[in-house]
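Q: One-letter residues, chain by chain:
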Amino acid sequence: MEMDLGIHVKMHNNIGIIKLSGELDAYTSGRFREVMIETLENGCAHLVISLADVEYVDSSGLGALVGGLKRVSERKGRLVLVGARPQVRKVFEITGLEKVFPIYGTEQEAIEALEHFES
Amino acid sequence: MAKLEKAKEPDITIPEEFGLRDEVRFLKTEDIKLFRLLRESMNKIEPAYVATYPPSECGIATFTKDVVTSVAKYTPFSRPMVVAVRREHEIEPYERIVRFQIYKERHESYLEAARFLNDSYIDIVSVQHEYGIYGGPDGEYILDFLEALEKPAVATLHTVLQNPSPNQKRIIQEIVRLCDVSIVMVRVGRQILIDTYGVDPQKVTVIPHGVPNVHRVPAARVKRALGMADNSIISTFGLINRGKGIEYVIQAMPRIVEKHPNAIYLVLGETHPGVRKYEGETYRNMLTELVAQLGMEKHVRFNNRFLALDELVRYLCATDVYVTPYLNKDQITSGTLAYALGCGKAIVSTPYLYAEEVLADGRGLLVDFASPESIADAIIRILDDPKLKENLEAAAYRYGRRAAWFNVAVDYLGLFHRVLNRRRLAKELVESTQSMSDRQ
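So the protein lines, in turn, are chains A and B. Counting in my numbering, the first sequence tops out at residue 119, every number present. Counting in my numbering, the second sequence tops out at residue 440, every number present.
Any given hint could be a false lead.
Calculated cross-link-like contacts (lysine to any residue; reagent style SDA-like; alpha-carbon spacing at most 25 Å) [said to hold, decoys possible]: (1) A:Lys-99 <-> B:Leu-37; (2) B:Lys-65 <-> B:Pro-93; (3) B:Lys-169 <-> B:Gly-198; (4) A:Lys-90 <-> B:Val-24; (5) B:Lys-28 <-> B:Glu-17; (6) A:Lys-99 <-> B:Asp-123; (7) B:Lys-329 <-> B:Pro-372; (8) B:Lys-329 <-> B:Thr-282; (9) B:Lys-28 <-> A:Glu-98; (10) A:Lys-19 <-> B:Glu-17; (11) B:Lys-33 <-> A:Ala-113; (12) A:Lys-70 <-> B:Ala-72; (13) A:Lys-70 <-> B:Leu-37; (14) B:Lys-44 <-> A:Val-100.
Okay, the calculated bits of chain B under chain A, using three or more residues with CB under 8 Å as the criterion [what the hints assert, rightly or not]: (15) 36–49; (16) 394–408.
Rather than coming from a laboratory, the hints here were simulated on the basis of the structure. Cβ coordinates follow ideal geometry from the N, Cα and C atoms, glycine included.
Next comes chain A alone, as it looks inside the complex:
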């Protein structure tokens, strides 16, 4: 099966920024889980997940995000999202997960919010 998810990781201090592109679903969410774990094990306390280039998220993708939130919470950190497209944002609104995952317009806004949280 083709793996239709691009994953790009970078670090900003103790914030791991994971930029996704494509589809976050049953085929691809396992790899995404692994990347979140690796990023946290590399010393990050917080995660910024950019969904700006994600076309679809299914319940496996949501499950992976909740799993990521659990791991981040164990480190007293936070997990925030950036730039969901309308189709993706709708999934968060309809499930109510928008109340659990703050969604910021840009990566910079997300980083500033996390730095503010730290201070």
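Fit chain B to the known structure of chain A by using the hints.
A: This is chain B only, laid out in the frame that chain A set:
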């Protein structure tokens, strides 16, 4: 005639999901604080579904299970239930999600079901409609159920006839009136409801037929796994009956084989149980005889059994050209065509209403009804032209992704919430008007 052998070990599978519901169940023991946060934050909705349900063998039962399962994945704190419509002779047990059974031909059973739901924790009722699955003339007992139901309801209309009988027309009009919203799967269905049935356009919405979540995979790889590496595979699947027009594809095969000697037509699926009951395997036997008359024994294979989803998807992934040669112009839904779109297949179809709409804009080739010549032309065109085939596949896949069950589930869930919000606002308006008039 060669029987299709059971597929060898596959090199593709639809992955097991570890979704939101699984993650939440896990949190209940691993992180109760996060579990509680989710429980308090997530939207709650308690849907019930009224329809046929597996193990009943029919397209509506499969569809219902797909909707129930897909929506439940996004609502980890809800307890969905099914009210299953069954025939008297069906004795196989249902899954636990079936909490009440309507006996198709017993009128009082419909009223009991409505009372059961009225007294339950259910917020909203989703009814699947197809004339044949309910009792009474043209399945009109469903109207008595809806009349007695006090919960908000939405109906999915699987059949919208262009030329209905007066009673068929009345039933659809009443369903639309009694339900908060009715769903059809293509725009043309909505237009027919407005033009022919005169229903309120505000009460009809379009949500596509869902398809399995299948990522594209090169057909050659799957063909190898099926032991058909050198064949051009043409296929049709689903419950077999006379309206499918399979004989016209069989008649097209000699011309196709002349140009593509390794072409094979796979007819996947058993005879519709309802059809088998009154005419046995007459239609299939006729097809088998036709194959023999045409000397196509090596080029047409039947697989007369129910295929599990994984197996079905495997055959679809191996397919070069998928064909729906159906004969009924009015057909506004086809689960099998939707699945072929979801798997990104090059599709050839007769122009029944559903096919005409979903295969527009280069997503497939339309052929004349009951025309072996037209079918042969289109299939040969695709097999001769890899670029055309690739373009058709890519366009079908793009369309199919939007209709993946995980997206369709969000559409259903969004509709359920809209209906409940509208009801709540209406209730509040009535209460505030009442309160104002009480004060005056």
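Q: Any hints this thing doesn't respect? Which numbers, in order?
A: Result: no hint breaks.
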